[in-house]
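**Q** Sequence:
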Amino acid sequence: MNSLMLLVAKILGVKSEGADSDVFALMEGAMNVMGIHNLLPQSARRVDIAEVATELLSGDQILTRTAGSNERFHHGIFVGPISGVQGGKNLVVDFWGSQDAGKQEAKIRLRTLGEFMAVPGWPELAVMCWDSDTPELREFSAALALGLHRDLQDCSGLYHLLGRNCDHFATWCRTLRTRHICS
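Under numbering that gives the first Met the number 0, the first residue of the sequence shown is numbered 0, with each subsequent residue one higher.
It is possible that some hints are incorrect.
[As the list claims (entries may be wrong)] For each label pair, taking beta carbons as the anchor points, the in silico distance ranges come out as:
id, residue 1, residue 2, range
1, R176, M33, 45 to 51 Å
2, S42, K9, 30 to 36 Å
3, R45, G86, 35 to 41 Å
4, V84, A117, 36 to 42 Å
5, K88, K9, 21 to 27 Å
6, E138, A49, 24 to 30 Å
7, L136, M33, 19 to 25 Å
[To be verified] Here are the simulated DMTMM-like pairs of lysine to aspartate or glutamate, each with C-alpha atoms no more than 20 Å apart in a straight line:
id, residue 1, residue 2
8, K88, E104
9, K88, D132
10, K106, E50
11, K88, E138
12, K88, D47
13, K88, E123
14, K88, E50
By construction, these hints were calculated from the structure, which means they are not laboratory data.
Keep in mind that this is a model prediction, so the values were computed, not measured.
Glycine included, each C-beta is placed from N, C-alpha and C at the ideal position.
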């Protein structure tokens, strides 16, 4: 467990079990204490699931709610259909690892939009809106994400909740800028 997270939990009065605490549960508890109940970025716009085919463009950074959470969103890069891959379905590249393993076996995955959005309860989708966006920048983002999936699938040990997560991966693919707070 990150010592910063334990300190935040202590300051906010969130119960923790020391180094064995689930970092995601601590973060969610801390956000609840602070009254944060929805982490959908202000620069994101919601997309009606029925209009995905006309609303999403290859290279868009997309978000969907994390299973079991009202607060967290999972990020990926929409790459659209690729001839001969997954039956021509719309595809997404994301950085994901199981919470059971502390996300330390995180991988860059290529999966269908349906798999990306497989969230119990209600599906919700949003697209990040970037200033100075162009079709060329989106196509570059899609090509970069696909190249990373092809050449760097196994990212074991690289995941970090505060600095190298799905949001950082997708944002980097879109902007080539990092905004993480840890090394």
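**Q** For each hint, tell me whether it holds in the structure or not.
**A** Hints versus structure:
1. Here the CB-CB span from R176 to M33 is close to 27 Å, at odds with the stated 45 to 51 Å.
2. Taking 30 to 36 Å as the suggested C-beta distance range, the pair S42 and K9 conforms, at roughly 32 Å.
3. As the Cβ distance of R45 to G86 is approximately 27 Å, the hint placing it in 35 to 41 Å is violated.
4. A C-beta distance of roughly 19 Å is found between V84 and A117, which places it outside the suggested range of 36 to 42 Å.
5. Between K88 and K9 the beta carbons are some 46 Å apart, a value that contradicts the proposed interval 21 to 27 Å.
6. Taking 24 to 30 Å as the suggested C-beta distance range, the pair E138 and A49 conforms, at roughly 25 Å.
7. A hinted range of 19 to 25 Å is violated for the C-beta pair L136 and M33, which are about 34 Å apart.
8. In summary, the hint linking K88 to E104 is not supported, as the alpha carbons are separated by about 26 Å, beyond the 20 Å threshold.
9. The straight-line distance between the Cα atoms of K88 and D132 is roughly 25 Å, outside the 20 Å bound, and the hint therefore fails.
10. The straight-line distance between the Cα atoms of K106 and E50 is roughly 29 Å, outside the 20 Å bound, and the hint therefore fails.
11. A distance of roughly 18 Å separates the Cα atoms of K88 and E138; the hinted pair therefore holds under the 20 Å criterion.
12. A threshold of 20 Å between alpha carbons decides the hint, and for K88 with D47 the separation of about 18 Å falls inside it, so the pair holds.
13. Distance hint between K88 and E123 is fulfilled; the C-alpha atoms sit about 19 Å from each other, no more than 20 Å.
14. About 15 Å separates the Cα atoms of K88 and E50, which keeps this hinted pair within 20 Å; it holds.
In this structure, the hints that do not hold are numbers 1, 3, 4, 5, 7, 8, 9 and 10, in rising order.
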